[in-house]
Amino acid sequence: MSDNEEMITDINVSIVHKYNFTAGASTTRFLFQLKKGVLTGQRCPSCSNVYCPPKGACASCGVATEDEVALSNKATIESFTIVAIPIPNNPIKPPFIVANLIPDGANISLTHLLSECVNEEVYKGQRVQAVWKPEQEWGHDMGNIRYYKPLDEPDVPLDMIGKLPVEGLGG
Amino acid sequence: MRDIAIVAYSQTDCVRSAGAANEVELIMPQLSAVFDQAGLSNSQDVDFVCSGSCDYLQGAAFAFVAGVDALGAVPPIKESHVEMDAAWALCESILKIRMGHADSALVYGFGLSSPGELPIVLSQQLDPYYLAPQWIDTISLAAMQARMMLDQGLITERDMAEVVARSRANALNNPHAQLAADVSVDNLLEQELFVSPLRKHDCSPISDGAGAMVIATVDQAKEWGKPYVLISGIDHCIETHNLGMRDLTDSVSTRKAAKMAGMANGKVDVAELYAPFSHQEIILTRALGLGDETSINPSGGVLAGNLMMTSGLSRIGEVFNRIISGEAQRGIAHATSGPCLQHNLVTVLEGV
Amino acid sequence: MAILAAVVGIGQTKYQTKRGDVSIAGLVREAAVNALNDSGLVWDDIDAVIIGKAPDMFEGVIMPEAYLTDALGCNGKPMIRVHTAGSVGGSTALVAASHVQSGSYKRVLTVTFEKQSESNAMWALSSKRPFSVNLNAGAGGYFAPIIREYIRRSGAPYDTGIIVAVKDRLQGALNPLAHLQLPNITKKEVEESMMLWDPIRFLESCPSSDGACAMVIAAEDMVAESPKPPAWIRGVAMRSEPTMYAGREEVSPQAGRDCAADVYKQAGISNPRKDLDCAEVYVPFSWYEPMWLENLGFAEEGEGWKLTTEGATALDGGDIPWNCSGGVLSSNPIGASGMIRFAEAARQVRGDAGNHQVEGARLALGHAYGGGAQFFSMWVVGADKP
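Chains as they are written, first to last, in the numbering used here: chain A, 1 to 171; chain B, 1 to 352; chain C, 1 to 386.
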């Protein structure tokens with residue numbers, strides 16, 4: 001090799017793999033309900049906890065979750081962070097909130113965006129509400145819910161977070 | 001060294017596509033089945049859990065993490081994973097038991113090969129700088145190996161077709177088989193070439209599925225009061241990745257693994273060989289020096305159904321089944337990984 | 001019943017953003033050769049090779065053990081590849097140790113690596129699925145809410161994480177292998193760095209590194225063949241729990257506590273802060289130091305931050321130095337990071353940690369975790385045979 005040539009330190013090779021990805025039977029049911037505008041979870045027959053999004057099994061009991069449960073559009077914030085890194089193909093502008101929130105009727109959190117809020121005023125136990133895209137834009141997609149926004153309802157006591165029935169605080 | 005035995009085995013049927021089934025839905029019924037067989041309830045009842053799977057099959061990183069949801073791992077369990085066929089997860093589990101950190105283990109494997117184009121996906125198992133960029137698929141590599149065998153007069157096309165015919169016929173007795181039929185060798189030879197000199201039937205099919213096994217020390221198996229089959233030896237051996245640098249018409253590593261596992265210490269009534277291509281069954285049979293006294297692939301082998309990441313474990317499971325049923329007294333199971341039989345594992349099983 | 005085993009050789013590569021001078025094979029071989037040289041052994045002395053790395057999707061090489069066998073002198077030998085998400089570096093060490101501790105093999109070589117410059121980790125970790133929203137939040141986005149919860153519960157001062165970020169980089173500057181060499185880093189600099197996922201700032205996060213780490217582990221009766229002092233393996237443990245379940249304690253995961261209790265019991269440790277001389281703990285985001293101090297029993301619940309702010313975990317003046325090598329905050333080739341913790345713990349008790357040596361260290365903890373803080377692997381190594 002002559003002195004003028006530089007070492008080759010990498011090669012760029014494009015590999016394309018096409019996959020027909022399957023969601024799984026229980027997730028498929030979840031997605032079909034989302035297309036109808038309904039958020040659902042699945043209940044464990046052993047411990048009665050409701051999972052959303054459902055995966056077909058209760059992870060702590062190791063049993064299949066069959067019972068489908070309709071959940072509320074209302075939720076409680078369990079934890080969150082303020083993110084500075086933009087999301088490709090999403091109009092939301094940093095800094096924005098990514099939150100783990102538990103829909104009423106469920107017992108574990110799902111992760112979603114929070115918007116129409118003041119980032120510094122978000123807190124654990126805060127009540128929030130799902131904001132859906134217009135119905136004509138609905139697909140089999142968790143993205144049907146554009147984000148959650150604060151809801152004017154009494155805060156949830158910390159030891160009640162993740163334990164609310166689908167009727168919410170009053171229920 | 002502690003005596004270790006297989007107490008339970010279960011697998012799904014080999015199907016072209018598992019449809020809308022995610023990892024958890026695929027695995028859980030098999031786990032329930034082996035727990036039932038062993039008289040256990042869930043993963044809390046074994047001391048160690050190890051699984052085998054490959055993210056690239058289904059195209060999602062951390063496929064095995066999703067699998068943990070099927071275990072009921074609360075309270076936390078001792079659990080590990082190899083990105084290899086579950087036969088190697090069995091190896092890891094055996095080491096745990098031998099060192100006294102477990103008396104029993106659950107081993108399982110799963111794989112969805114249908115989402116992607118398996119032979120192309122596996123082209124990325126090759127050297128990333130020189131081979132993978134050429135997208136050399138596994139079938140083409142196996143075809144070159146078969147071509148070498150034919151050109152050197154080591155096999156004939158008829159020999160290959162005979163392997164397939166026997167596989168299809170044997171598979172008729174295997175409820176899990178994907179491909180089973182009564183076909184004549186002449187009929188097979190009339191089929192058109194697929195990737196010369198291989199015909200479609202010389203290649204194992206694309207299959208989805210999962211399998212699970214429970215192993216334990218012999219003392220533990222006796223305590224559970226369940227019938228068991230002894231794992232009297234297990235070892236494995238890998239060869240060079242450079243295809244031009246090894247004799248592709250032989251399987252030196254299989255022979256070595258079999259020797260280290262103690263195959264020669266007794267008769268071999270049955271041998272389940274993981275041969276994804278018909279000519280490879282011949283290579284393996286010859287490499288192991290197996291004769292007429294050994295029943296080769298009575299299940300139909302993986303030509304009848306190839307559960308990627310479980311096929312190695314299911315060879316062991318098939319031999320286990322035959323010894324438990326009394327059909328055989330002693331047998332070997334072989335697992336392979338990598339292009340053209342690069343990495344080989346041999347397990348020796350004995351009835352008590 | 002377990003055979004006593006020891007680390008008799010350690011080899012690492014210099015960690016940096018891009019090793020443009022070696023292929024993946026070259027990278028792992030470099031670490032392996034360093035380990036063999038350190039152990040005074042040659043390739044033929046090795047009975048089996050155990051490798052580990054993070055998801056194949058990072059570099060895009062499926063089941064790389066097939067490709068790497070030649071580089072690692074493994075032709076004609078057994079080879080296993082372990083993959084347990086982020087804890088893989090640690091799990092690989094444990095699986096390697098079990099090869100010897102089970103009496104099945106006498107001497108093994110274990111290597112873990114990541115060539116992150118040839119991979120796209122962010123992409124690999126965020127495959128688009130319809131059943132969850134694509135938030136591109138990554139690891140930081142996942143751990144930040146958990147850290148906030150720790151801060152809320154413990155009332156820890158806001159600069160606890162900053163103190164860790166400075167300490168680990170100053171210690172890393174004593175380690176010529178560390179990726180980030182920031183001997184002049186200040187608290188002010190860290191505090192003013194960009195806030196990425198509140199409360200994690202840029203300088204409180206780990207880098208992305210190329211690198212490999214290797215060890216040779218031998219059975220008791222072969223240890224004397226290696227010239228340098230061994231690091232006897234005094235305890236090994238791993239635990240897993242699911243990512244998500246109702247009521248899961250995320251700040252101090254049960255799996256971490258159970259794993260620590262197991263390894264301490266084996267090693268005869270009842271008070272980790274007193275009984276151990278130092279620890280190499282997987283801290284990829286600064287706040288995980290106070291959190292793991294509690295999870296690993298070095299501090300009572302809610303008090304981990306006090307050890308950090310008091311300087312107890314600093315090499316310079318602390319009574320229980322953590323991450324003298326610079327830790328994950330200074331070098332992070334993901335697949336290797338766990339093993340680097342295990343190896344650096346071993347270096348300490350061999351008296352071989354160069355400028356970041358803890359004087360007279362005789363018992364050390366190596367720790368790794370992965371996934372949603374759900375997979376844990378740990379070992380305790382000592383200068384003395386049990």
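Hints may contain errors.
[To be verified] Below 27 Å or equal to it, Euclidean Cα-Cα: the simulated DSSO-like pairs (lysine-lysine) are:
1) B:LYS200 x A:LYS18
2) C:LYS265 x A:LYS124
3) B:LYS267 x B:LYS222
4) C:LYS306 x B:LYS259
5) B:LYS256 x B:LYS267
6) C:LYS228 x C:LYS187
7) A:LYS124 x A:LYS149
8) C:LYS106 x B:LYS256
9) A:LYS93 x A:LYS18
10) A:LYS124 x A:LYS93
11) A:LYS133 x A:LYS149
12) A:LYS36 x A:LYS149
[Said to hold, decoys possible] Sample of chain C residues at the chain A side, in silico, Cβ under 10 Å:
13) ARG19
14) PHE143
15) LEU170
16) TRP197
17) GLY302
[To be verified] Here are the simulated distance ranges between beta carbons:
18) B:GLU117 x C:GLY20: 31 to 41 Å
19) B:GLY153 x C:PRO229: 28 to 38 Å
20) C:SER193 x A:ASP152: 34 to 44 Å
21) C:LYS228 x A:ASP10: 32 to 42 Å
22) C:SER193 x A:LEU151: 28 to 38 Å
23) C:GLY20 x B:ASP3: 28 to 38 Å
24) B:ARG16 x A:VAL16: 15 to 25 Å
Because the hints were derived from the structure by calculation, they are not lab data.
If you're wondering where the values come from, they're calculated on a predicted model, not measured in any experiment.
Beta carbons are placed, not taken as given, at the ideal position from N, Cα and C, and that holds for glycine.
Taking the hints in turn, this is what the structure says about them:
no., hint, verdict
1, B:LYS200 x A:LYS18, "holds (22 Å)"
2, C:LYS265 x A:LYS124, "violated (38 Å)"
3, B:LYS267 x B:LYS222, "holds (25 Å)"
4, C:LYS306 x B:LYS259, "violated (59 Å)"
5, B:LYS256 x B:LYS267, "holds (18 Å)"
6, C:LYS228 x C:LYS187, "violated (39 Å)"
7, A:LYS124 x A:LYS149, "holds (14 Å)"
8, C:LYS106 x B:LYS256, "holds (18 Å)"
9, A:LYS93 x A:LYS18, "violated (31 Å)"
10, A:LYS124 x A:LYS93, "holds (22 Å)"
11, A:LYS133 x A:LYS149, "holds (13 Å)"
12, A:LYS36 x A:LYS149, "holds (21 Å)"
13, ARG19, "holds (9 Å)"
14, PHE143, "holds (9 Å)"
15, LEU170, "violated (26 Å)"
16, TRP197, "holds (5 Å)"
17, GLY302, "violated (15 Å)"
18, B:GLU117 x C:GLY20: 31 to 41 Å, "holds (32 Å)"
19, B:GLY153 x C:PRO229: 28 to 38 Å, "violated (59 Å)"
20, C:SER193 x A:ASP152: 34 to 44 Å, "holds (37 Å)"
21, C:LYS228 x A:ASP10: 32 to 42 Å, "holds (37 Å)"
22, C:SER193 x A:LEU151: 28 to 38 Å, "holds (35 Å)"
23, C:GLY20 x B:ASP3: 28 to 38 Å, "violated (52 Å)"
24, B:ARG16 x A:VAL16: 15 to 25 Å, "holds (23 Å)"
When each numbered hint is compared with the structure, violations occur for hints 2, 4, 6, 9, 15, 17, 19 and 23.
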